[in-house]
Amino acid sequence: MSAETNYGLVAFAAGTVLTIGLTALLWLDVMRRIDELAVTRSDNTQWTISQLEVDYLRLALAVRDSSVAEASAADHLRERFDIFYSRWRTLGRAEAYRLLPEDPDYQNAAQEIDRFLDQGVPLIDGPEAALRAALPAFRAEIARLHEPVRAIALRGVDIFAEVSDRQRGEIVTLILRTSLVTGLLLIVLAIAAFLMIDAGRRARLAARQLEKVNRSLAMIVDTSLDAIVVADETGVVRVYNPAAETIFGWSRDEAIGQPMTRLMIPGRHHAAHEAGMKRFLETGEKTVIDTGRVQLDARHKSGRIFPVELSITHEHTDEGHIFVSFLRDITHRRRAEDDLKTARDEALAGARKKSEFLAVMSHEIRTPLNGILGSLDLLEDSGLDAEQMRLATTMRASGDILLNHVNDVLSLTRLETGAAALTPEPVDLRGLFDQILESQSAGADRAGNRMVAVISDDVPRVLSVDPRRLSQVLLNLVGNANKFTSDGEIVLSAQCIDRTDGTARIAISVADTGVGIAAEERERVFEDFVMLDSSYDRNADGTGLGLGIARRIVQAMGGTIDVRDSETGGATFRIELALEIASAPVQPSAGTDVVSDGACPLSILMVEDNDINRHVLRAMLEREGHCVVEAVDGHAAVSMAARQRFDLILMDISMPGVNGVEAARLVREGDGLNARTPMVATTAHALPEEIESFRKNGMARTLTKPIARDALRAVLAEYAPQRGQKRQVKDGKDDHGPDAKRDLLDFESLAIVSETLGQDRFQKLLEQFIRLATALEARLRDDPTLFEPETMIADAHQLAGAAGTLGFPVLHGLLEELETSFKRTGKHPEETLRAQVARICRNTRDEVNDLLEET
Amino acid sequence: MMILLGRTAAAAILGVNVVMTHAASADHLPEPQGKILLTVIGAISHANRQDGAAVFDRSLLEDIGTERVQTTTIWTQGIQTFTGVPLDALLDTVGAEGDTLRAVALNDYAIEISASDPVQGEAIIAYELGGAPMSVRDKGPLWIIYPYDSSPDYQTEQIYARSIWQLVSIEVHP
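Chains Z and G supply the protein sequences, listed in that same order. Those letters in the first sequence? Residues 7 to 861, by the numbering used here. Those letters in the second sequence? Residues 151 to 324, by the numbering used here.
One should not assume that every hint holds.
As the list claims (entries may be wrong) - Facing chain G, a subset of chain Z residues (Cβ under 10 Å, in silico):
| id | residue |
| --- | --- |
| 1 | Asp41 |
| 2 | Ala44 |
| 3 | Val60 |
| 4 | Asp61 |
| 5 | Arg64 |
| 6 | Phe87 |
| 7 | Ile89 |
| 8 | Phe90 |
| 9 | Ser92 |
| 10 | Arg93 |
| 11 | Thr96 |
| 12 | Asp124 |
| 13 | Val127 |
| 14 | Phe200 |
| 15 | Phe535 |
Hints were generated in silico from the structure; no laboratory data involved. Using N, Cα and C, we set each Cβ at its ideal position, and we do this for glycine too.
One chain only, chain Z, in its complex shape:
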């Protein structure tokens, strides 16, 4: 019902009431009239008025007749006089005639008649003689009375006619009015009747609609696949659809009117259900009601308990609370879920078994393979003739290929089964790149290629990435580049494409100036076992899996890899990765060769805000063999100083924010780890006053930029003796640097050994050492996850013995560290240590080789 309809109805109702009121009033008037008409306050006025004249005439007659001298005549006269008199008095006194005196014509006439009667009364009442005597006069008077009487009569007629007509008129008007209003009322009532009929019709229509809706709803309820059960607040079932019959087993007749708990809820839940219901009815607190889908146990008629998914809503109606629940038997679903779980577990178990198998197999395959290759090594060094050497080389080539195949296949399989999980750690890309180029340096030299690493400044220093996997990819790419390029240039570069909160999108490219890849081959190269022909004598040691593996790894990291033409004519492989910017300060990782506990002469905190300066200084320090930790600003410097004890702090002075002087002061104050650590200031310009102020703030020395290597070394040398006991081993100095190599060999020891054993045996010993060192190096560079460390450690032990005897102190110390690490943890030693040992192994071996060649 719209508002307008409402107003209309209200207005109409008001109108009806008004009309009824009006009609009532009019009918009241009518009733009054009827009452009035029921009585009259006048007799026949016309008659009385005309009768006046008659009585007058009779009197006049009597007067004329009284001339006869008879007693009866006089009586008759008197009688007539009296009659006339009484008639006149009636006219005067009676109510009905009250109108008359107001009329002026009447007044005059009335006065005359009054006068006549007044005069007449004494005569009439007097003695007869007097009466007789007065007769003539009387007669005259009577005659004169004719006019007034007539006048009165006529006037009266007029007046009463008017009155009568007016009354009639009033009545007619009243009747008309009443009729009209009644007519109006009838119309109004007719309209009201019509409206009611219409309303009735609409109500019927609405009822039909409602019925239709109800039927639809009933149909929905009946055909619903889910059980629909409606219960009232006492828990008695009111509505129970056919689906409920199927699910719960109770027929509709059995269910309706019964308490729901007894029918459908397992016995053990009765108490909880009742309590929950009670709580809800009392407090309105909803735990299951109106909370969406809930899984519970329900009870079938047969007593079987089965799982259901249900949803309950609640409504408050006129008749109290009702609870509507939709229930679904989820036995099948549960079972399916359970089956799925079982299948999944089995699949996982299968996968695990597979990977275990792989691990075992890898070791089983690789161990004899290593044996073959190792023996081949020894064979090669055992003095073969040219033919034998050729055969040995062939064997080696094949053996290497086989090893690569096995490694690649195992890698691939591990990636496929997801057994090779990524283990990201904070990595400095610069260091990683350096390492890669270094490991490829032999191949590059052979092909006459120049390799360059370029990292743009906007690449965050520390990124969270799995260094081994990334290295694997980059090694593959760079290796390929070297394969397909001769006398060219290979550029390994990294740029930052995009940088948001904590994540940087990095593009790493390997661009070469080699033969390139034809456009149609670009997609194919990534496919497994695809190797493109090249016109050069290629190194047939590829399996065609390299790029496939690389792509899988990149994809596992969430990145993309593709190949495109480089401007320089060769091929450019480009990787895009989104990497998290690691917030932790970098502990120099696999890329760099410095480690915090181990063979650093000095652990140095380098504070420098300029990227290039930092890079250069770090390189210089590392060349000296020191362990470097970087801080980009004073703030970082202070926090790092608080975290770790350094042997030396190199503090750049001019930095934004907290400058070097401030940072130095902060570090000096308090009882932090580095409160007494020597600090050296680095600055572009230093006036004597400034140097003095540096000194006052705890920086004993100042290096001016650009820093010369000698100056740096001098300063470092000053502090080097303050190494302290925490470092193990190494009575040697730097293990890396142009003069360092010599220090790997203690010539005095060597000389003694040589003298003791004699030339031949000495040589043989050296050669054996070389072999062992080579083998161990290989082992150390291997993926530690592919084998157990025990054999390697045993080898290391053996080599340590040789190194000790022969006089390779650096190597010896490192090998002991290796052993100790394994003894402590039972696991492979850390990446950094292994890399270091491997390097020293090689260097030492190289030197021994040199030595052998010299002699």
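Got chain Z sorted already, so can you dock chain G onto it with the hints?
Below, chain G without anything else, positioned relative to chain Z:
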């Protein structure tokens, strides 16, 4: 035949003062001594004149019975007390056998009254107004009066027409 109900009903009516005196029932009416006021002729069974008429003087009328009616009338001012003989009683006295009465006045005004009309029950033939006899000028000596105030039934033209004054005779017709 005669309306006796009217007399019983009269007790509940406002403004009517009823004084009952027992009429002396007589088969043969006594003869009048004084001036004859009313002559009743026609179908009557009791007469006191040779021609079969019943004539009444003042005292004869009083003997029949007295009733007082206190009422206003359209011809008088204020509430007046009329004393007279109930018409029914008179008709009983004369043994009227007819229903239609023709009342005639001095000036020959005549009116027909239906005696059985229930309205008639309360009619009196008044001979006294306010305790004094009525002269001709006062519409006497006899005036048929109804208790007008007691009911709207008495306030109709017909009743006013029947309120004949200067009454001289009643003719009883069958």
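Hint check:
1. Asp41: holds (7 Å)
2. Ala44: Holds, because the Cβ-Cβ distance from Ala44(Z) to chain G comes to roughly 5 Å (cut-off 10 Å).
3. Val60: holds (8 Å)
4. Asp61: holds (6 Å)
5. Arg64: holds (7 Å)
6. Phe87: holds (8 Å)
7. Ile89: Result: holds, 5 Å to nearest chain G Cβ.
8. Phe90: Check passed: Cβ of Phe90(Z) comes within 9 Å of chain G, closer than 10 Å.
9. Ser92: At 5 Å from the nearest chain G Cβ, Ser92(Z) passes the 10 Å test, so the hint holds.
10. Arg93: holds (8 Å)
11. Thr96: The hint holds - Thr96(Z) has a Cβ within 10 Å of chain G, the shortest such distance being about 5 Å.
12. Asp124: violated (12 Å)
13. Val127: holds (8 Å)
14. Phe200: violated (42 Å)
15. Phe535: violated (133 Å)
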